[in-house]
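Q: Each chain is listed here by its residues.
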Amino acid sequence: MSAVADPPKVAADPDGKLADNIAYFARALRKAGVKVGPSATLDAIAAVKTAGLTSRDDFYWTLHAVLITRHEDDAVFGEAFRLFWRSRELIEKMIAMFSPKAPPRQSEREKKRAGEDRAAEAMFEGAQDRITKQERPEIEIDASLTVSGNDVLRQKDFAQMSVREIEEAKRAIAALRLPSDWIATRRFRPDPRGDRIDPRAMMRASMRTGGDLVLPKFRSRREIHPPLVVLADISGSMSQYTRVFLHFIHALTEKRRRVHTFLFGTRLTNVTRQMRHKDPDEALADCAGAVKDWSGGTRIGEALASFNLTWSRRVLTQGAVVILITDGLERDSVDELSKQMERLHKSCRRLIWLNPLLRFDGFSARAKGVRAMLPHVDEFRSVHSLEAMSALCDALSGGGGRETDPRWWMNAADRAMAA
Amino acid sequence: MTSKLPASIDETEELLDGQNYVADRALATVLFLSLKMGRPLFLEGEAGVGKTEIAKVLAAALGRPLIRLQCYEGLDVSSALYEWNYAAQMIEIRLREASGDTSKDAMRSDIFSERFLIRRPILQALEGEPGYAPVLLIDELDRTDEAFEAFLLEILSDNQVTIPELGTIRAAEPPIVIITTNRTREIHDALKRRCLYHWVDYPAAERELQIVRRKAPQANAELAAELVAFVQRLRKIDLFKAPGVAETIDWANALTELNAVALDPAHVSDTLGVLLKYHDDIQRMERGESREILAEVKRELARAP
Chain A
1 MSAVADPPKV AADPDGKLAD NIAYFARALR KAGVKVGPSA TLDAIAAVKT AGLTSRDDFY
61 WTLHAVLITR HEDDAVFGEA FRLFWRSREL IEKMIAMFSP KAPPRQSERE KKRAGEDRAA
121 EAMFEGAQDR ITKQERPEIE IDASLTVSGN DVLRQKDFAQ MSVREIEEAK RAIAALRLPS
181 DWIATRRFRP DPRGDRIDPR AMMRASMRTG GDLVLPKFRS RREIHPPLVV LADISGSMSQ
241 YTRVFLHFIH ALTEKRRRVH TFLFGTRLTN VTRQMRHKDP DEALADCAGA VKDWSGGTRI
301 GEALASFNLT WSRRVLTQGA VVILITDGLE RDSVDELSKQ MERLHKSCRR LIWLNPLLRF
361 DGFSARAKGV RAMLPHVDEF RSVHSLEAMS ALCDALSGGG GRETDPRWWM NAADRAMAA
Chain B
1 MTSKLPASID ETEELLDGQN YVADRALATV LFLSLKMGRP LFLEGEAGVG KTEIAKVLAA
61 ALGRPLIRLQ CYEGLDVSSA LYEWNYAAQM IEIRLREASG DTSKDAMRSD IFSERFLIRR
121 PILQALEGEP GYAPVLLIDE LDRTDEAFEA FLLEILSDNQ VTIPELGTIR AAEPPIVIIT
181 TNRTREIHDA LKRRCLYHWV DYPAAERELQ IVRRKAPQAN AELAAELVAF VQRLRKIDLF
241 KAPGVAETID WANALTELNA VALDPAHVSD TLGVLLKYHD DIQRMERGES REILAEVKRE
301 LARAP
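Residue numbers (the working numbering), protein chains in the order written: chain A, 1 to 419; chain B, 1 to 305.
Hint data in this document are derived by calculation from the structure and do not stem from the laboratory.
All C-beta atoms, glycine included, are put in the ideal place defined by N, C-alpha and C.
Treat the hints with care, since some could be wrong.
As the list claims (entries may be wrong) - Looking from chain B toward chain A, a few residues come up when the C-beta cut is under 10 Å (computed):
#1 44
#2 73
#3 78
#4 132
#5 239
#6 240
#7 272
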């Protein structure tokens with residue numbers, strides 16, 4: 001911040017000073033994690049010139065209009081603005097320079113400090129710390145590890161996977177044929193074997209012969225992959241499977257757009273951004289870093305409720321398929337779980353439940369949680385091994401036999417209980 | 001009659017106010033900037049906070065035509081930009097054949113001429129006369145797909161479109177573009193970067209009361225104050241869908257129709273469907289929570305002078 005530490009300039013060239021300060025402010029925002037490109041800085045300067053400097057409030061919203069493009073950044077902007085422009089009553093000074101008569105000061109006076117430049121700089125560093133702290137609330141650690149329903153906050157490293165295990169997983173996933181699930185969109189593409197007439201292409205082609213020959217052209221519907229939303233359980237009983245499964249999700253995320261990943265134990269974490277790392281190890285390490293409740297207890301109902309409330313309307317659009325990975329052993333209220341499952345089922349195109357317990361021959365849908373969830377899923381599958389993953393690819397590609405039909409499992413359990 | 005663009009933030013506020021749109025300072029600022037800098041305005045927010053209304057009000061206040069493009073999945077060039085009138089083209093070809101006129105060049109230039117062009121919203125918006133550029137409202141952009149966003153980039157940054165058979169059409173005066181989204185999907189940063197972004201939030205109690213007074217003038221003052229306080233409180237508890245301003249106005253009108261002069265529990269439970277649109281939310285309110293909220297609201301209003 002060298003220009004800030006250059007007071008004589010203020011009187012000499014107010015315009016230059018303003019531009020400099022806006023540029024520094026933009027840079028500070030960028031440091032705080034807001035996406036601000038160089039062109040946005042130029043826009044900001046232009047905007048301030050357009051709007052003029054009349055009050056602190058207007059100045060705030062002028063900069064906000066140009067520099068912020070996401071609602072999530074509002075809080076960061078507010079804090080950064082307060083800290084950056086407070087320190088030296090910069091705005092008031094600039095307003096005074098801009099207007100022929102000085103307007104009344106709108107913000108409360110602050111004492112001028114000695115060495116204010118250094119202070120401003122230091123304060124801004126402090127502001128960043130505060131911003132990050134605000135965004136990641138401190139989490140209380142529950143020391144009672146005896147009951148698995150507790151909020152056990154442990155960070156687990158993916159490196160704990162044995163070398164052989166990792167190798168095996170990587171090899172298998174690389175060899176995996178990714179699912180070819182396609183859904184038709186309302187867009188068209190030219191297709192000689194299409195089933196619809198394409199009048200635009202016909203007319204254009206006919207012009208080549210001056211309209212003598214109007215030959216039919218065809219088009220068909222364009223197909224795309226539907227969005228995929230993965231909700232994976234990372235509680236103690238599930239973390240083994242989820243870890244391997246995340247490798248699979250990573251491979252998918254790389255190959256296609258719109259794959260959203262959420263992890264839940266006692267709370268829900270969106271790790272979509274972390275999964276976008278090119279390197280799978282790095283991506284999974286990032287996930288582990290982002291999640292605070294690795295291998296803790298589960299509250300499936302609560303996690304689904306928070307997904308339904310905050311995320312479902314943002315990620316489940318345009319025919320999304322949901323993959324839910326959990327053992328369904330719920331300790332909290334089963335009613336709540338059933339209600340949330342119903343809502344989830346109704347807001348997606350297809351809900352696939354992957355349950356590792358299914359690999360046991362004697363598995364029967366008797367647990368209360370499982371029985372609450374089963375009526376609301378479209379498919380019920382196993383995910384205990386890498387072979388099961390290729391089965392999952394087939395499942396996403398469509399099809400599935402009797403053994404994936406949730407109703408069959410319900411009926412089987414009913415019979416077993418009656419006997 | 002076209003009015004001039006506002007020259008300051010205050011004037012922008014007055015302009016909206018004149019059309020009965022009660023805007024806060026933040027919105028007036030961003031709107032003023034967008035008009036002045038000629039940049040599209042990107043409005044994001046929950047359903048029913050008055051995003052679409054801004055475009056309508058602006059068009060009415062400035063005396064400009066409003067051109068609306070409602071987005072939906074699969075929106076493509078032929079329904080957003082232009083389409084050729086194929087039937088008419090075919091007939092034209094047949095007529096020419098019948099009359100023995102087969103000059104290729106003449107045919108080509110005639111068949112693809114403006115006579116056979118069907119103008120869709122975006123093309124219409126680009127053909128405004130100087131000083132009379134229309135307001136182009138691109139509504140609910142999140143409903144369409146990424147491909148359409150990419151298509152918008154060219155139009156928003158250069159104010160021109162290319163029609164292969166006809167050439168490039170450039171706007172004499174760029175339209176005033178307003179884009180709205182409900183955030184059912186994240187819009188790409190490349191598009192947002194070209195716009196001025198504003199998150200339209202639920203209004204504060206005071207502003208909402210003003211809005212109700214303007215939009216539902218029949219409701220008496222006491223009722224208006226109570227229902228606004230009630231709605232404000234509803235937004236604080238985590239409902240699946242909090243009521244927007246549009247719902248508040250509807251509710252005020254509904255209660256007026258029922259000749260209510262003040263809120264009472266019976267009225268609230270009868271008309272809850274106007275305010276809340278999810279069964280879970282309504283059930284939760286009916287279980288007694290609405291009574292508690294109402295009691296609190298009454299107590300608070302009684303305490304205030």
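Q: Could you work out which of the previously given hints the structure breaks and list their numbers from low to high?
A: Result: hints 4, 7 break, sorted rising.
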